[in-house]
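A.B. asks: This is what each chain is made of:
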Amino acid sequence: MSRRRLRAEHATLVVVGGLLVGFLVVPLLALFVRTTALDFREGLRHPLVWPALRLSLLTTTVSSTFVVLLGAPLAWTLARARGRLARTIETTVQLPIVIPPAVAGVAMLLAFGRRGVLAGWLYPAGWSVTFTTAAVVMAEVFVSAPFFVQAATSAFRRIDANTLIVARSFGASPLRVFFRVALPMAAPGLVAGAAMSWARALGEFGATLMFAGNLPGRTQTLPLAIYTALESDLRAAQALSIVLVVVAFALLLFVREVLRRSTERPEVPT
Amino acid sequence: MRKRSTNRVRKRRDGDRDATTGRRAAYTVALTALVLCGLGCVDAEPAPLRSSASAPREDALVVFAATSLREAFTGMGGTFERDHPGVELTFNFAGTQQLRTQLEHGASADVFASADRRQMGEVVQAALASAPVVFARNEPVVVVSRESAGALRTFADLPSATRLVIGTPEVPIGRYTLQLLDRASASLGAGFRARVEAQVVSRELDVRQVLTKVSLGEADAGIVYRTDANTALDRVTVVTIPPEFNVIAEYPLAVLTSAAHPRLAHAWVDFVLSSVGQQALRHAGFLAPAGTGAAP
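Protein chains in written order, with our numbering: chain C, 1 to 270; chain G, 1001 to 1296.
Wrong hints could be hidden among the right ones.
What the simulated footprint calls covered on chain C by chain G, stretch by stretch (three residues with Cβ under 8 Å from a Cβ of chain G suffice, anywhere in the stretch; the number is not a length) [what the hints assert, rightly or not]:
#1 54-64
#2 112-125
#3 128-140
No lab work stands behind these hints, which were simulated from the structure alone. Small disclaimer: the values here were computed from a predicted structure and weren't measured. For every residue, glycine included, the Cβ atom is placed at its ideal position computed from N, Cα and C.
With the rest of the complex left out, here is chain G:
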């Protein structure tokens, strides 16, 4: 980095010396801006943490949460704010991978709720969070469009759909989909995964895209989480995946090490794990954290 900067500074001096024409001057300014920014913005470290000891009153809480938690967490947020008057709760809902990238690049948040243990593992490994705890599980299901509901009644019928939409293997739902298809191949015939994949017309980047395409009737069927399916029950039919094949997603939650509001952050974690929080999660379609069939 140092070597590059020196290089740029030298270029800038050369430019200064014979900056006679407008074009040269513009070039110089551009380079100066680059040098300044190169030193300033690009290498900016996250702002120093506010010491929790010197901030006795916490009045805000920022929660980064996976998109699939939107309905449940938004509802729970109202309850939390009533229990903590004067506290302003802000959610940032996005794909787990996006949230992880934002956190790695210095986004300031207090709590991270991931839809994937792997991503949480990376965040903990980078010392951005500690002591994650699984607070919910989510079960993949098949959603079927109105037009195909008659022909597609069980999981074994899946290859009969002509337009299937699943998640891309880079996102958790896509990974779980391939895992459960592999497991199903063991008992439904070795070619099951291949027969299903032959009908795949799109590998979507997130669960909601899968759901949208099925609920608009554009695709015959897709695989999404139970909680997503629950938001579209008027437009899609749900076919449960037999538990012996299914791969259940585990959702971990952790307070971030750079949390500006650690006390409220811990209060949120406790609230999510409390019976009130758990009841709200159950209502949205999540499974209880403890149980069998955990994802590998």
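Bound-form chain C, shown alone:
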């Protein structure tokens, strides 16, 4: 194949890929281009900003911790199970990804709300978790956990079965195999999955609004603050959106860097 042809084919792929990059990046870029420095400074002074940012970081940290603590054992079990039941469960726990978040919020109200199906034995009549910060965390776990479980399940599946058999044959207990072999080997996939699920939790809007409401300092996360600001002042909303994009971008970059370092580190011979 001529060098020219090679180059042309290569360029075609790059151009096609570049179209998607443009499509994804232009709206984000427009946010920056169409917000002046003055608007941005004014926007940051908006009273909704800091309580919302603090609440967002707090709730997503808590929800991501829950997702990882509960999701890793689930993913490990799903990765090793072979039956039809396991496949059904695997598909079922992916459902929150396709359900519109507002519908997820309504479903959570019907399950955990004051008249919800679990209200009878969850809490005394007349009380419910709705409108509390805990409700924000619950909404975030609901919408973000599937992303982690999916990534973690594939990460665990990629572990060579022989490694596990060897570990077991040397007498390691199932828990020891999980903690000392499976977790370290799947670590990059788990971190990437946790980052995805954390990012989803940070952007969560619909389910939170439905299930937790919108009260500054208690349930108003950054996306809700953006939407609230949008009702009165588009520029404040743009400034808040920039804060959200920058925070998310910085944290995702950080995770990538951690991942890169951990995978590039030479394997310690055993």
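With chain C held as given, fit chain G onto it using these hints.
C.D. replies: Just chain G, lined up with the frame of chain C:
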């Protein structure tokens, strides 16, 4: 804007010169896409208006209307289409602020029906619409969940609810709520607004969210428009707010200056103001446009 574009173009040339690796090439393409879009899409002006003189036959009408008009306008739309055979009527129902944003960014519509005079004022100020006319008014009421209906019988009982949901002050219903609480404080005691606000567990972004939370029993009570309450009478109890405190919302309607179907747009406005249209609005719970107690 020009300065920024030049900058980007220069970057792109630099990229071209030493585009030896795939990564560089990808970077170049991304920047090219950005430049093209930066020049093309971001600064796109709304399409030039179709001249009404050269379009003798109008067969479509696009109405942007506040969410609270959904039931009334949808019903009226059927009548309008029967009176204008061959005309396709399309509604876009959304929060008034959202509609205003869409219009400001070049959405094409013929008529704008706002739930708020302030938003209509902004649209008129931007020369997007002219000659707005108030066609209906809507009265805030208290909706009470089944569980709390016994304890909350009058407006003065409002502070006894433990979980109140109101609109956020950025949306019209939230603004009216605070105004009417202030007015009530004058006669029900200076602390009335504070006592009510102490029980607020959520400041919702639109009226329907307030209504949903009360009708599911999640909140004890909330403040919504009469027309919203009317859609949920099987699930909530309505407590009227004394007229001396109440702040009535006024709904203005206007033909947009960029209307592609101005004749049909005017026909829709006339229809809304006609006795048939007004009767449908009354049926949905709206008050007649003329009257006392108009919102400030």
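A.B. asks: Give a verdict on every hint.
C.D. replies: Against the structure, the hints:
1. 54-64: This one is violated; 0 residues, fewer than the three required, reach chain G with a Cβ under 8 Å.
2. 112-125: Per the Cβ count (3), the hint holds.
3. 128-140: Holds: 3 residues of the region 128-140 of chain C have a Cβ under 8 Å from chain G.
Checked against the numbered hints given earlier, this structure breaks only hint 1.
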